[in-house]
Amino acid sequence: MAAIRYELEKQCSITGARAGKIHTPHGTFETPIFMPVGTQATVKTVAPEELKTMGAGIILSNTYHLFLRPGHNLIKEAGGLHSFMNWDRAILTDSGGFQVFSLGPLRKISEEGVAFRSHIDGSKQFLSPEIAMEIQMALGSDIAMAFDECVPYPADHQYAKQSTERTTRWAERCKIANTRTADQGVFGIIQGGMYKDLRDMSVRDLVSLDFPGYAVGGLSVGEPKPLMYEILEHTVHQLPASKPRYLMGVGTPDCLVEGVMHGVDMFDCVFPTRVARNGTVMTRQGRLVVRNAAYERDFRPIEENCDCYTCRNYTRAYLRHLFKADEIFGLRLATIHNLHFLISFMRDMRQSIMENRFVTFREEFLAGYSPKDKGFM
RNA sequence: GGAUGGGUUCCCGAGUGGCUAAAGGGAGCAGACUGUAAAUCUGCCGGCUCCGCCUUCGCUGGUUCGAAUCCAGCCCCAUCCA
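So in this note's numbering, spot 252 of the first sequence is number 252, and the numbers just go up one at a time.
Calculated directly from the structure, the hints in this document are not laboratory data. A hint or two may mislead.
[Stated by the list, open to error] Calculated cross-link-like contacts (lysine-lysine; reagent style DSS-like; alpha-carbon spacing at most 27 Å): (1) K175 - K21; (2) K324 - K44; (3) K108 - K161; (4) K44 - K76; (5) K124 - K108.
[Claimed, not checked] Okay, the calculated beta carbon distance ranges per label pair: (6) S118 - E165: 26 to 32 Å; (7) V207 - T53: 22 to 28 Å; (8) H157 - E355: 41 to 47 Å; (9) S344 - A182: 31 to 37 Å; (10) D183 - S344: 28 to 34 Å; (11) G55 - E355: 31 to 37 Å.
Quick caveat: nothing in here was measured; it's all calculated off a predicted structure. Glycine residues also receive a C-beta, built at the ideal position from the N, C-alpha and C atoms.
Produce the complete structure using the sequences and hints provided.
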């Protein structure tokens, strides 16, 4: 049996939003789902037990970072990533493709692969589809991502085309290189920049390679939101309904709702965890910069009806104090809230799909939400 | 009572005649953050009727075209001696 299997439970007849389940070698999780990011074999500041308490069913980790440090062979020796980091639920590993994008000046792309300058010590490193697969097989993640190039924005059509075609060739090499098929599934990554014809091409080519799941990459890279939604909508519905769909790198509530509406099942994003460490917490109404002076004497929880550990026990004033005083507990409390918030948000969204009221859910959410926040309440 | 060192914008602390509203740091305030080079980064930080003006470097007076910077007296602070 395939390592990764998608089960569609319910679909919104109006929007196409899907509720389902994904079965992996390390358990089943319900979709749509948000995957907390644990780049370096840890979701920064929180323990695996805490992630479970929040209801996290799968987390993401990173090939590139673990390859550089501590090295995939060490992790293999430790019994694989699950054992190494004490996480027994599902893990998806990104391939290092995003680093091709984000490490910009430190990297050089060729047909063979990508030469990096390590951001840690400046040493020369090389990643190719074959190496990325070798690393991910050693890590033993449940879902491995194909090695791709995330097309930057803006990019001209010629560059986007050439890059996307190369990503397809790399995807094919990944598929051939991955031999751990019994307990690991490789997802292909759709690219194509902001060009619909290239997205069509990418979908067609990757779907013909028959991956157990597909990711939409190259979005949320600086383009305006309407454009992102337009490309997303254009792309997602072309993907096979029987396979999971994963929108990479998206994680603000408004984007999640729109992603789900267009039929996406999986999301990941550093946003909730990064922003938490910088003093911002997320709410149904928008962001709240809890580090701001406005909350100095605000003795309410972040969200009145939130049942996360942070909201059940601490106030905005206390969080602000911890941030002002540079106390690491503040980073933890904010991270716990933000992750709990997104995970519950997705669960509520799923519930609304199951109960045939997703459209209402979306409308009500959007009515009360300000994407840029500030000064509400 | 005497000796020496010192008093700079919220704090610490540079600055010893014009290029100084005054380095730098801290604190404070705000912003950014979307497959993590991020517990990071950026901006503001005397006042105003803000492309110019006003006030500020212990206090008062003086020298000078011009003073936080030089002179005089005074007031505080620190350490040492009586």
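Going down the list of hints, with the structure as the test:
Pair hint K175 plus K21 holds up; C-alpha atoms about 24 Å apart against a cutoff of 27 Å. Proposed proximity of K324 and K44 is supported: the alpha carbons are some 20 Å apart, at most 27 Å. Straight-line distance between C-alpha atoms of K108 and K161 comes to about 18 Å, which keeps the hinted pair within the 27 Å bound. Straight-line distance between C-alpha atoms of K44 and K76 comes to about 22 Å, which keeps the hinted pair within the 27 Å bound.
Of the supplied pair hints, the one linking K124 and K108 holds, its CA atoms being roughly 11 Å apart against a limit of 27 Å. Remark: the range hint 26 to 32 Å for S118 to E165 is upheld by a beta-carbon distance near 28 Å. For the pair V207 and T53, the supplied restraint of 22 to 28 Å is violated, since their beta-carbon distance comes to about 38 Å. The given range of 41 to 47 Å is respected by H157 and E355, whose C-beta atoms sit roughly 43 Å from each other.
In this structure the hint that S344 and A182 lie 31 to 37 Å apart at CB holds, the actual value being about 34 Å. Between D183 and S344, the C-beta spacing of about 30 Å keeps the proposed range 28 to 34 Å intact. The given range of 31 to 37 Å is broken by G55 and E355, whose C-beta atoms sit roughly 19 Å from each other.
The structure fails hints 7, 11 (numbered hints given earlier, in ascending order).
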